[in-house]
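Build the full structure now, drawing on both the sequences and the hints.
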Amino acid sequence: MTEATDLAERAGDRDPRVGLRAVAALRLLLERLEAVQVRSAREQGWSWQEIADVLGVSRQAAHKKHGRQ
Amino acid sequence: MFERFTEGARGVVTGAVGHSERMAADSVTEEHMLLALLDQEGTRTSFAFAALGIRDRRPAVEQSLADARRHGGLSKADADALAGIGIDVDRIVSKVEEAHGEGAMRAGGTAGRPRRWWSGHRGLTPGAKGVLERSLRIAVGRGDRHIGDEHILLALAARPGVVSEVLSDHGATYTTLERTMFGDPGTLPATG
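Taken in sequence, the protein lines are chains A and B.
One point on numbering: in the working numbering, the residue at position 9 of the first sequence is 477, and numbering is uninterrupted.
One point on numbering: in the working numbering, the residue at position 20 of the second sequence is 1030, and numbering is uninterrupted.
No lab work stands behind these hints: they were computed from the structure.
Since we're looking at a predicted model, the values are computed, not measured.
Yeah, the Cβ is synthetic: ideal placement off N, Cα and C, and Gly gets one too.
One should not assume that every hint holds.
List of simulated lysine-lysine pairs, DSS-like, C-alpha gap at most 27 Å [what the hints assert, rightly or not]: (1) 533/A to 1105/B; (2) 1139/B to 532/A; (3) 533/A to 1139/B.
Examples of chain A residues lying across from chain B (beta carbon under 8 Å, computed) [as the list claims (entries may be wrong)]: (4) 486; (5) 504; (6) 531.
Simulated coverage check for chain B against chain A, where a stretch passes if three residues somewhere in it have a Cβ under 8 Å from a Cβ of chain A [to be verified]: (7) 1086-1096; (8) 1099-1107.
Spelled out as structure tokens, the structure:
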């Protein structure tokens, strides 16, 4: 059994590590999903501005983060 | 810093590049370094792998690494943590693969920006580069004059992530590895 499972089972303790660990994992998941979706949008001919508008970030930020794809 | 790397340590990096090429990855990752370490024979790390029973369980180790790769670099512990807040990673990966093809979430292509850094052909991800830097700090912390494959393995075990979790799931934590390879508790892993 992994450490996180042990921690999750003790969630009733309101151990901050449980919640923080989930947030960290969620961030990683978010990054992967964003990469998949941005790549897909680029392949379908979306501009960086269009992608940035939907993501709610600046065009520069979107391009800087994903521009190598 | 490479002049301080032993032949074994250089072999790990060369081997990792080879694994990266064979897997058609676009950069060299910590996973490739672990596979290269598992290939070695007659070294301190291969002795530790044998002693901890990991050598015999290599297929299981490789399967764990492949699963994590398919899940976009999320480890089993990550998936468990997300399950704890009601997020089913398997389900998300399946949905994404339905829409974008099998392996769409696979880590490696965009997870870290590879740099043309060690070999002229294939860059190390920032994570892989971090392992080499940490192996140097571990060697220095132990008072060892050279950086060997054993320091690279300790660095892999010390860095939070898929590789250290897979190692830990198979009984190889920083502490057990250090004890097996050096026979003493030594110093704590350097942070950062």
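These are the hints, each one checked on the structure:
1. Restraint check: the Cα-Cα separation between residue 533/A and residue 1105/B comes to about 24 Å, which is no more than 27 Å; the hinted pair holds.
2. Between residue 1139/B and residue 532/A, the direct Cα distance comes to roughly 22 Å. Compliance with the 27 Å bound is thereby established for this hinted pair.
3. For the hint pairing residue 533/A with residue 1139/B, the CA-to-CA distance comes to about 20 Å; that is within 27 Å, so the pair holds.
4. Interface restraint check: residue 486/A against chain B, minimum CB-CB distance 6 Å, threshold 8 Å, status holds.
5. Interface restraint check: residue 504/A against chain B, minimum CB-CB distance 5 Å, threshold 8 Å, status holds.
6. For residue 531/A, the shortest C-beta to C-beta distance to chain B is roughly 14 Å, which exceeds 8 Å, and the interface hint is violated.
7. Remark: the segment 1086-1096 of chain B is confirmed as covered by chain A, as 10 of its residues place a Cβ nearer than 8 Å to a Cβ of that chain, reaching the required three.
8. Coverage of the segment 1099-1107 of chain B by chain A holds in this model, with 3 residues showing a Cβ closer than 8 Å to a Cβ of that chain against a need of three.
Of the numbered hints given earlier, the model fails hint 6 alone.
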